[in-house]
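Taking the hints into account, I'd like the entire structure generated from these sequences.
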Amino acid sequence: MFNFFSELKKVVKKEKFVDRYNIVNMSGKILYVEGHTGICKLSQNQIAFKFKGGMIIVEGEEMSLAELSETTIKIVGKIKRVEAL
Amino acid sequence: MIKSFHHFKIKGVNQERFFNNLSKKCHIYDVNRQDKTLCSFKVEWRYAKFIKAEIIKANLTILEERSSGIVFFLLKIFGAYGVLFALIFCSAFYVFQLRFIERIEVWGDFNIEIQQFLEDNLPTKNKNKLNCDEIEKMINDEFNDLSFVSVAVVGQTLVVNVKSSIIPSEMVDEYAPIVSQYDGIVREINLIQGTLAVEVGDIIQKGQILVEGYVKNSEGEILNIQPKAEITLDVWAEGESEHYSKMMVTSRTGKVCTNTSVLLFGHEFYSNGVEPEYEKYEQEIKSDFLTKNNILPFTIVTTKYYETETKLVESELDMQRQIELARENCLQNIANYEIIKEENYRVVSEGNKTTIKYVITASIKVVNL
Chain A
145 MFNFFSELKK
155 VVKKEKFVDR
165 YNIVNMSGKI
175 LYVEGHTGIC
185 KLSQNQIAFK
195 FKGGMIIVEG
205 EEMSLAELSE
215 TTIKIVGKIK
225 RVEAL
Chain B
424 MIKSFHHFKI
434 KGVNQERFFN
444 NLSKKCHIYD
454 VNRQDKTLCS
464 FKVEWRYAKF
474 IKAEIIKANL
484 TILEERSSGI
494 VFFLLKIFGA
504 YGVLFALIFC
514 SAFYVFQLRF
524 IERIEVWGDF
534 NIEIQQFLED
544 NLPTKNKNKL
554 NCDEIEKMIN
564 DEFNDLSFVS
574 VAVVGQTLVV
584 NVKSSIIPSE
594 MVDEYAPIVS
604 QYDGIVREIN
614 LIQGTLAVEV
624 GDIIQKGQIL
634 VEGYVKNSEG
644 EILNIQPKAE
654 ITLDVWAEGE
664 SEHYSKMMVT
674 SRTGKVCTNT
684 SVLLFGHEFY
694 SNGVEPEYEK
704 YEQEIKSDFL
714 TKNNILPFTI
724 VTTKYYETET
734 KLVESELDMQ
744 RQIELARENC
754 LQNIANYEII
764 KEENYRVVSE
774 GNKTTIKYVI
784 TASIKVVNL
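Residue numbers (the numbering used here), protein chains in the order written: chain A, 145 to 229; chain B, 424 to 792.
Among the hints, a few may not be true.
[What the hints assert, rightly or not] Simulated pairs of lysine-lysine, BS3-like, Cα-Cα distance not exceeding 27 Å:
# : chain 1 : residue 1 : chain 2 : residue 2
1 : B       : Lys459    : A       : Lys185
2 : A       : Lys194    : B       : Lys448
3 : A       : Lys222    : B       : Lys459
4 : A       : Lys224    : B       : Lys459
5 : A       : Lys194    : A       : Lys173
6 : A       : Lys185    : A       : Lys154
7 : B       : Lys432    : B       : Lys448
8 : B       : Lys448    : B       : Lys475
Treat the hints as calculated values from the structure; they're not laboratory data.
What follows is the structure in structure tokens.
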């Protein structure tokens, strides 16, 4: 079965790093994240979550978590900036 | 709406940690942090109890919780024991009552009499135990004038088809005597066949036999024969008219109010509470079944109150008009007269009441050929 992220991993040789997390930003309205390890901050303007070896901060307006599971997050709202630390 | 969720609104600190722990056990939807301490989220309805326990364990306060979705809605309905019991009871009752005859329909002659007879004498209303042949025999035995009886069970209705026996015309009233329809005096008799029961000059009453339907031969034997004769009678009839010079007349003013009530087994179930505020009124009561089944026979009773007023009406006596009225009333009592021989009237006055008594003596021909 075709997997977009698996195909990308085959192209990029640094597989050690690409395994950590995946983020898909859909027109700045929906942000889908795979591979998070826990939420650090949750508010309407800023959402921060950890991944293996770092942290990602999402900034925007009227944001909420449409879905939250052990490894995935779906953020909806007006997404302005995504920063990996 | 289709997917069922349980919605929570919680208050407390360190909610991120709570969500991190919770996300390891189940999916969380629509997490909306409105404030530093306020947050709302949804979980699948089956995790509701577990999540509630987790919230309490995390020292958070539940401000609001509600369920939504079709599964929850169905569970709510079927969880309501009253509704469930009513549904089961009604279904059981419905299935049970299907075994019985609900109503009787009679097609043909004597329908009211046969229906009444069956309602009183039907051996059982259980469809399985009902013997249609037996009922046909019962009806045949009870009603002699029937030539055809058919009984069938259609659904919950007992359908009875009957046809009355056709008697040839020559057998009907063949030897019936000629009977007078009036009070009067016999003036002329022209007997063709039969035996006379009256003579010229006899005073007769209504219903009295004029000609018998038999003859006696020379040996004294009675032979039945159709009576035929032409008999002329002088009959008299009375008619009267009344006039009141002063009379209290009650009439409707046009104001009306309606009271509607719903009854169940004779007890009032609902009423719109309208009571007449009129000093004097007339009422018309109309009752009808609200439903067409026998399970809950609701009856709607509509009572209309019409306001009335009573007035003293004075009128002048028009003697000619009153006499004509009395004559018309009198003539109605002697239809088919041949010649009016004599007519007169009397005027009787009592207080404000005037009565005209009209008497007509007429000649009537009774013909039976």
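Checklist entry - Given the hint that B/Lys459 pairs with A/Lys185, does the C-alpha gap stay at or below 27 Å? => result holds (10 Å)
Checklist entry - Is the Cα-Cα distance between A/Lys224 and B/Lys459 27 Å or less? => result holds (21 Å)
Checklist entry - CA of A/Lys222 to CA of B/Lys459, is that 27 Å or under? => result holds (20 Å)
Checklist entry - Under the criterion that the straight-line Cα-Cα distance not exceed 27 Å, is the pair B/Lys448, B/Lys475 satisfied? => result holds (13 Å)
Item to check | Given pair status - A/Lys154, A/Lys185, alpha carbons within 27 Å | outcome: violated (33 Å)
Checklist entry - Can the restraint linking A/Lys194 and B/Lys448 be considered satisfied, given a maximum Cα separation of 27 Å? => result holds (18 Å)
Item to check | 27 Å limit on alpha-carbon distance, applied to hinted pair A/Lys194 and A/Lys173 | outcome: OK: A/Lys194 and A/Lys173 at ~21 Å, within 27 Å.
Item to check | 27 Å limit on alpha-carbon distance, applied to hinted pair B/Lys432 and B/Lys448 | outcome: holds (19 Å)
The earlier numbered hint that this structure contradicts is number 6, and it is the only one.
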